[in-house]
Each structure stands twice: as C-alpha cells, then as structure tokens.
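Q: Okay, here's what each chain looks like letter by letter:
Number of protein chains: 2
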Amino acid sequence: MSAQSEFALIEKYFAAPAREALHKHIAHGHHDVALGIGDDCALVNLRGQTAISTDTYTEGIHFFAGTAARAVGHKALAVNLSDCAAMGAKPRFVTLALSLPADAAPTATFLRQFSEGFFSLANQHHVQLIGGDTTRINIIAAKSSGASVSTKTRASASATTRAPLSVTVTVLGELEPKQAFLRSGAKAGDDIWVTGATGFAAAAVQQRLGKLTLSRAAGRLADEALDYPQIPVQFALALHGIAHAAIDVSDGLAQDLGHILQQSNAHAVLNDELTQRCQTALGIKGVDVTLAQQLALHGGDDYQLCFTAAPKHATHIHALAQTYGLDAIKIGEIEPTEQFDRKRALRLARSGKTTAVPLKGFDHFTR
Amino acid sequence: MSAQSEFALIEKYFAAPAREALHKHIAHGHHDVALGIGDDCALVNLRGQTAISTDTYTEGIHFFAGTAARAVGHKALAVNLSDCAAMGAKPRFVTLALSLPADAAPTATFLRQFSEGFFSLANQHHVQLIGGDTTRINIIAAKSSGASVSTKTRASASATTRAPLSVTVTVLGELEPKQAFLRSGAKAGDDIWVTGATGFAAAAVQQRLGKLTLSRAAGRLADEALDYPQIPVQFALALHGIAHAAIDVSDGLAQDLGHILQQSNAHAVLNDELTQRCQTALGIKGVDVTLAQQLALHGGDDYQLCFTAAPKHATHIHALAQTYGLDAIKIGEIEPTEQFDRKRALRLARSGKTTAVPLKGFDHFTR
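Line by line, the protein sequences give chains L and C.
With my numbering, the residue at position 332 of the first sequence is 332, and numbering never jumps.
With my numbering, the residue at position 341 of the second sequence is 341, and numbering never jumps.
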C-alpha cells in the first residue's frame, strides 16, 4: 500500500470519525474542545482535576496475532478507560498512537473494523479522540550477539516475520479534587468488591494457547471477556463517597488487590466466591478447583473494577450495580495489620481453612 | 534479562528520577501535581487551556538503529516539546510509553543513557514525567501472503532480526484561551521566520545512509542537529502577541509551511536565505546548490520553529531571539491569495527569478 493511500485510510477511518463525533459533541452544547485534530496540538478546556494514564497494547504480547480488528480497537481504548474508572475519574479525551507493520500493512478492512471497535466504545462513553500519530514499524537487523544496537537501519522484509501492530492510548479524565479512589485508601474492616466474575479472559487465553478446552458456550463467554471487556465507567463515578480504594483487574485479582494492600498497609481475607463463579460459569469440573482458582485469582485481562468500601454501604452498592447492569460481588474483607507482609497479606478462606494466596498474576512478559 | 531485573531497571531509570524531579518541583512551591507515578492514573491541576500532543519515535523509522541511547531519550521527548512550543503552550507534563524489543532487551547501560537524555531535557524545561507504560515488543510470524492477520502468536527468536525499540510520548501544555498559534493564523503581508537554519538534520541522515560526505566539522554540526535538537520553548512563549501562525519543522520546511499556507488560505514567497546558510554551514560547494536547497527546504527533523508575524515586529523578534540565544531568520513573506493553490502556493525568489517549490518533504514511510 502506498503512503498516500494509507494516509487516505487514516483520514477516513480515524480523523473523519473523530471530527464527526466532535461535531455531535459541540452540537450537544459542549464547548470543552477548542481545537480538535489537525494542528500541532489539540486544545481542550478541562474542569477540576485531571487524571492521566497511558497504556500500550501490542500484538503478540497483549493480544494474539489474528485477533479480530474490531476487538483490538475496542480493547486498546478499554484498558485506558479502565484506568480512568479505577481512579473515579470521568474519561473525556484520548490520543491514539498507532504503529502499523511496514512490510505487512493492515488492509482497509482491518483499519475500518479497528476504527469501528474504537469509536463504538469511545462514543458509548462520550470520549473524544483529539490527537494521534500513525507511523510505520519495521523489524530490525540484529547483530548475532543479540545486542540492541545495530549499525544497520532496518532488516529487509522477511516472508516469515514482520513487526507487530502496536497501539498506545493516553486518556485524560476529570474529577473533583480529593475525590480520587487511591490504591492507598483501603481501611480495616472494608468489604472488598469486584464488578463481575474474573478468570474468563485468562480462560480464553489458555484455550487459544491450546492448554484448556471449554464448552462452546463457555468459550464464547471467555472470548467475549478477553476481546470486548466492558468498563464500568458510570458505576465507578457513582461510587464517589462510597469507595475507599479502587484498582482495575488487569494483571490478576491477587496481584492488583496486592497493590491496594501494599499501598494501604493492610492485609485481606478472600471468600471463595470468585473461584466458585469461575468454576460454575466455565463448566470446570470439581477436580479442577485449583485451575478455577488460578484463573479467578491470578488470571489477568478481565478489567473488572476491584474496590473497597465500608460494610454499611453493601445494600446501596448492590442497588447501584443493578442500576448499571452489573453484578457486584463481595469477595472479602480488609483486615488491620501493623506492618504489610507480602507473604501473608492475602489469604483465602474455604471450608473453614485459610491458605495464603501469592500476590502474583498474569505476566505479559512471560505469557 | 528476567522480567524482574528489567522491572528493577525501569524503576531505577524512570520511576525514581521522575519521583526525584517531582520532589524538587514540590520543594519549589508547586502544587500542580496531586499524584505522580504509582496509581492507576496520575492527578494534576492544570491551569487555563490544555494543549495535547502525541508522537511516536521508532527505531528504524524515525531514528537509526545504533543511535546513541542518550540521543534517543532526548529526541523522543524533544519532538513532543516541539509540538507544544509550536502551539505557544508551555509544556508541563508528559507520559512515556516504552516498547522494548523482547528478544534483545536493551542493556542497563542503554536504559541509563536513554534516561539521562530524557530527564536532562525534561528537567531543563521543568517538565514532569507523570505516567508511563513499559512493555515488550516482539516480531510476529507472518503468513507467506504478507497479510497482517496470522494465527500464530509470535515468531520464534531470530538471530538476524528483532523488533524495534519504540517510544510514544504524550505532552500536556498550558496556555491562556485564544492565545494559541494556529496553522490557520497567517495573514497577508506577514514575514515568515524560522528559529535557525534547516537541512542539517537531513544532511546527517544522508551521510549515515552513505549518500553524502561532509567535512568532520560539518558532520558534527549535522549530527548534533539530528540527535539533539534544541527546542525553542521559552522563545515560543515570548512570541505571544507577536506570532500569527506557527508550526515546527519536522517533515521539511516546504511541507510544514505548506500546512500554514493551506490552513491560512495563503501563498508565500521565500528568499534564498535558508539554502545559502545550509550551503555555507555544511560546506556544500557551489555546484551543489540544488542539494543544499533540497536539504534546507525539504529535509525534515530540524525541529526549528517556523512562524509568521507582522513586519513591524521584526526588530523585536531579533532582540527576543538574541535573548534566548537563537538566530531568528526571516525567510520570506505571506502573500494574499483568493484561493489556495497547492501547485503555486510556495515560490522561491533567487537572482530576480521565482520558481515554484513543491509542498513536500521528508516522508518517514519512504526514507
């Protein structure tokens, strides 16, 4: 594909939909975007405090080569909205940096579907794309030592390997000062909640790697969780005044909750709810309780919101969840501790026994 | 390198210097960063209007494999500060998304030097790193058709090829509403200025490609322009009330000025100043005026600021430039036009004759 035709595709599938969404935004009476895409910078008028997060989403590392383009576009944005929601901030604006493999440029169909996935989610949450950069990316000729510094500019195109597609999204969200849900905010006695079951996305990964076989129905559930995570943005905003601490489950419940425990200097005990739900929903048989527990507590990529709140709010939290079509699950309690101890910070209570749960999860680097 | 030791290096060379710079920032009485690196989002208090830009900087595309790590760190940030300056905004905060080749992880020395280049420039301009994401990037097994969709997850490590290092920086700047330098702001009769000579960076590229031989002194000048562009941030801020339009010269003067002309519905005539300076500084002999003109008007990567202003400000602009240690060069004039015509928009006057200059420049995709 020529650079010229690629430029036309970027204009058609990214700049044009961004302008269209912005026109609608302005037509609805919003004056917060002074200048959209097309100059050296975009210009926006932000209110209150600004939450900022950046996430890179790379083929072969964060998603499988062969993943539907629509899912890639959806999730590259979703993981960033999730960071914003976990802060209690309302996502408003995003930039999109897209690196396309030079020797195997994505087809027009791929870019169209990526765009549909991206803008469908952006429009759902009234998030404006206000900037971006599209570049090529190529493989590099490496010295035989494997060192990262080579004197050659680029490797010649190979029939068998290419550079990956890579997407970096930066999100700006708004919130009132002192309203953020910090990882350090959990209090002894708090209930621990998640906005839905965990382990489904990790089950989809295991199935795609050929290490797990799910029923067709369970497979669909798992694929949907991996490819099209729904981010509880509105629900998170409704938790102001209720939630003490929050984090999104990206690397696995135990690892992410571990950040809350460490930064709050707290320990926690989990009930068996997540493991049981994972086992039931995915149809994993009784002998595989260990597998279900691994998926539910250590599997990443679910992008559920995990938060803590005082027990008096439990009824209200269930009602809010119902309002937003979610299934708020109480998964444990924050316990007082004098000194955070990584090895004893998280325990699982099952059948009257408690066992230590390691604060580890899914590692992108060793998948 | 294990994921664990890499995590330690990222902590040492990115998170720690960011915290250190933030502590100094707070010690100097600034209260605009409510929360730095370490939670789901950073939290900042921005004043006025916010300028936002994102740029990706990729090995093998935007910089040569083998470029000094310090230069890579410097320039990945510089190109973003340049966008901010070209808008007349004061750069305040940046996020850094770093993709490291999985099968040839950068050495500790590389990360240290990258970090030094990045933070040296950031600290110079009092810009805070407030967020980031470090991920691996790997080559992908491609189908022989070269299509972008493969059913394999990743290619096996190759002795001869690897994925490139890629850096995406997003910058947030502050400015007062209605003070931005827009590409659409040029007025008939305006002088056109740049903050220094152009074509040096492109000459360095040509020399590294083996297509041009420079003297040792000229080569150093060219290398410095390519690897360590200095961004006229303070000078740009001093142009409020003076500059009508501005853009940074990233893709080549003719192409970038062309954006101003197109968006301002204007034409322009250039004098021979840039070509002559390029010729003199680089020691390109008389017969090579065509080459000097190509480099000066179409060579990219110089990151000089190009702006327009009413002629009455000329003396003040020279004085300001002197204050900030720059060499403001008047390179032409904006002419009135009824209808922008791409083929006639830019002309070069030399020895009493004018010739049309195509609005094209350096193309990252076809370098």
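Derived from the structure by calculation, the hints contain no laboratory data.
Mixed in with the good hints, there may be bad ones.
Which copy? The list can't say, so a pair holds if one copy fits it or any two copies do.
Below are the DSBU-like pairs computed for lysine-lysine, each with C-alpha atoms no more than 35 Å apart in a straight line [what the hints assert, rightly or not]:
id, residue 1, residue 2
1, K285, K90
2, K24, K330
3, K12, K285
4, K90, K12
5, K24, K312
6, K285, K24
7, K285, K360
8, K12, K187
9, K12, K24
10, K353, K12
11, K12, K343
12, K353, K178
Q: For every hint, state whether the structure bears it out.
A: Do the hints match the structure? See the list:
Taking identical chains as interchangeable, the C-alpha atoms of K285 and K90 are never at most 35 Å apart, the minima being 40 Å within one chain and 60 Å between chains. In this assembly of identical chains, K24 and K330 lie within 35 Å of each other by CA distance neither inside one copy nor across copies; the values are 39 Å within and 42 Å between. In this assembly of identical chains, K12 and K285 lie within 35 Å of each other by CA distance neither inside one copy nor across copies; the values are 49 Å within and 45 Å between. For the homomeric pair K90 and K12, the shortest alpha-carbon distances inside one copy (28 Å) and between copies (32 Å) are both at most 35 Å.
For the identical chains of this complex, K24 and K312 are neighbours neither inside a copy (41 Å) nor across copies (42 Å), given an alpha-carbon limit of 35 Å. Taking the shortest Cα distances, K285 and K24 never come within 35 Å of each other, neither inside one copy (50 Å) nor across copies (57 Å). Only within a single protomer do K285 and K360 lie at most 35 Å apart by alpha-carbon distance; the minimum there is 24 Å, versus 64 Å between protomers. Only between protomers do K12 and K187 lie at most 35 Å apart by alpha-carbon distance; the minimum there is 30 Å, versus 50 Å within a single protomer.
Proximity of K12 to K24 under the C-alpha cut-off of 35 Å is restricted to the intra-copy arrangement: shortest distance 17 Å within a copy versus 45 Å between copies. Taking identical chains as interchangeable, the C-alpha atoms of K353 and K12 are never at most 35 Å apart, the minima being 59 Å within one chain and 40 Å between chains. For the homomeric pair K12 and K343, the shortest alpha-carbon distance between copies (24 Å) is at most 35 Å, but the shortest distance inside one copy (53 Å) is not. When the C-alpha separation of K353 and K178 is checked against a cutoff of 35 Å, the pair qualifies neither within a copy, at 39 Å, nor between copies, at 65 Å.
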